[in-house]
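Protein chains: 2
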Amino acid sequence: MFEGAIQDLIDELGRLPGIGPKSAQRLAFHLLQADDADVARLVSALQRVKELVRFCATCFNVAESEECRICRDPRRSDESICVVEEPKDVVAIERTGEFRGRYHVLGGAINPLEGVGPDNLRIRELMARLASGEIKELILATDPNTEGEATATYLALLVKPMGIAVTRLASGLPVGGDLEYADEITLGRAFEGRRAV
Amino acid sequence: MFEGAIQDLIDELGRLPGIGPKSAQRLAFHLLQADDADVARLVSALQRVKELVRFCATCFNVAESEECRICRDPRRSDESICVVEEPKDVVAIERTGEFRGRYHVLGGAINPLEGVGPDNLRIRELMARLASGEIKELILATDPNTEGEATATYLALLVKPMGIAVTRLASGLPVGGDLEYADEITLGRAFEGRRAV
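These protein sequences, in sequence, are chains A and B.
If you're matching positions, the first sequence starts at 1 in this note's numbering and goes up one per residue.
If you're matching positions, the second sequence starts at 1001 in this note's numbering and goes up one per residue.
Bound-form chain A, shown alone:
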């Protein structure tokens, strides 16, 4: 193998998720030959993320101050909270422009096989927010897979007795998709959820 600084960099890159030894080597040589300014920008971006970015004290979205941009926005409704698994789901929903309430980022989904139970997610913090009495609707926007569904079911059981409306994102055919290529479960859900036009 290589020696010294180049091997150290290959080792460090190889520790990142989804980067195997070959990719780490290719990246290290790319960086070695890249402009000093490009590498300096990457270094500074890494340092600034660790310095500046934290999780919002209210909703656990990424934030660069005590609260995130969405929690600080006075124009958004305090009556509904949309529960998602990860900060990237907030970004995806924000892109639709369909939701003007607040978020709550769980930090994952219930997954007994990987040892993730309700206590490992920010469910206690969600309950504390719901206890304020201001919230009228809780939208469960966890992923439409086994873990996401389990988490949604768990939260629904917990929250419904509090007299808060609990809704789940609709399942159905992806827009632009082809009916014949839809899997049977999605197609079944689309039938189940069919609406008058």
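If you're looking for bench data, these hints aren't it; they were derived computationally from the structure.
Built from N, CA and C at the ideal position, the CB exists for glycine as well.
Careful, some of the hints might be misleading.
[As the list claims (entries may be wrong)] Lysine-lysine pairs mimicking DSS-like chemistry, simulated, CA-CA at most 25 angstroms apart: (1) Lys1160/B to Lys22/A; (2) Lys50/A to Lys1088/B; (3) Lys1136/B to Lys22/A; (4) Lys88/A to Lys1022/B; (5) Lys50/A to Lys1050/B; (6) Lys136/A to Lys160/A; (7) Lys22/A to Lys1050/B; (8) Lys1088/B to Lys1050/B; (9) Lys88/A to Lys50/A; (10) Lys1136/B to Lys1160/B.
[As the list claims (entries may be wrong)] Some chain A residues flagged as far from chain B (calculated, every beta-carbon gap over 10 angstroms): (11) Gly18; (12) Thr58; (13) Glu98; (14) Leu113.
Use these hints to put chain B onto chain A, whose structure you have.
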């Protein structure tokens, strides 16, 4: 999209070769949640590569001083030079333990489609080394693909008139491979190069 420091990091990671927007996002969130010490090690490895690593003044392998470890080693033979495309090829050949001479790293292969001609490779520097008269054999270990073969042919034409023995690595079946799965060109080369046992 995200904002501020986290988006800056996603952008910088997305500029690296082979890292698309989704991977960049996954890496950025991994780094955000990683230990400060891990990120500090990555940052330091990046900075040290740019500070310390350069190309050997003689053979253009990676080096942390004027000359690389191999060029500095007095126990290696000065009579043969093995020509490779990239520093990682030096590592691959060193692992075999079969070669005790010196290397010359071209920095690529002739590739007219990508605008890489002989002038873009360290061929002039190779010629200067050969002019010393000390070298008896030039081993062409460029890749066994179109560009590598073209580069080897070009170098052979250039060097043979100098009275230096020019050899090329053998083509043939990969050891441990299965004859029935070998492509016809490799199998053809293996036949052509067959040896008495």
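So, going through the hints one by one against the coordinates:
1. Under the criterion of a C-alpha separation no larger than 25 angstroms, the hint pairing Lys1160/B with Lys22/A is inconsistent with the structure, at around 35 angstroms.
2. Taking the CA atoms of Lys50/A and Lys1088/B, the gap is near 32 angstroms; set against the 25 angstroms cutoff, the hint is violated.
3. At most 25 angstroms may separate the alpha-carbon atoms for a hinted pair to count; Lys1136/B and Lys22/A exceed this at roughly 34 angstroms.
4. Straight-line distance between C-alpha atoms of Lys88/A and Lys1022/B comes to about 10 angstroms, which keeps the hinted pair within the 25 angstroms bound.
5. The suggested pairing of Lys50/A with Lys1050/B holds, with an alpha-carbon distance near 21 angstroms, which does not exceed 25 angstroms.
6. Distance restraint check for Lys136/A and Lys160/A: the Cα-Cα separation of roughly 11 angstroms lies within the 25 angstroms cut-off, and the hinted pair is therefore satisfied.
7. Restraint check for Lys22/A and Lys1050/B: satisfied, since their Cα atoms lie roughly 20 angstroms apart, inside the 25 angstroms limit.
8. In summary, the hint linking Lys1088/B to Lys1050/B is supported, as the alpha carbons are separated by about 18 angstroms, within the 25 angstroms threshold.
9. Taking the CA atoms of Lys88/A and Lys50/A, the gap is about 18 angstroms. The hint holds against a cut of 25 angstroms.
10. A threshold of 25 angstroms between alpha carbons decides the hint, and for Lys1136/B with Lys1160/B the separation of about 11 angstroms falls inside it, so the pair holds.
11. Not every Cβ of chain B is farther than 10 angstroms from the Cβ of Gly18/A; the closest lies at roughly 6 angstroms, contradicting the non-interface assignment.
12. For Thr58/A, the requirement that its beta carbon stay farther than 10 angstroms from each beta carbon of chain B is met, with the minimum near 17 angstroms.
13. Consistency note on Glu98/A: stated as away from chain B, and its beta-carbon is indeed over 10 angstroms from all of that chain's, at 17 angstroms minimum.
14. The claim that Leu113/A lies off the interface holds: its Cβ sits roughly 20 angstroms from the closest Cβ of chain B, which is beyond the 10 angstroms cut-off.
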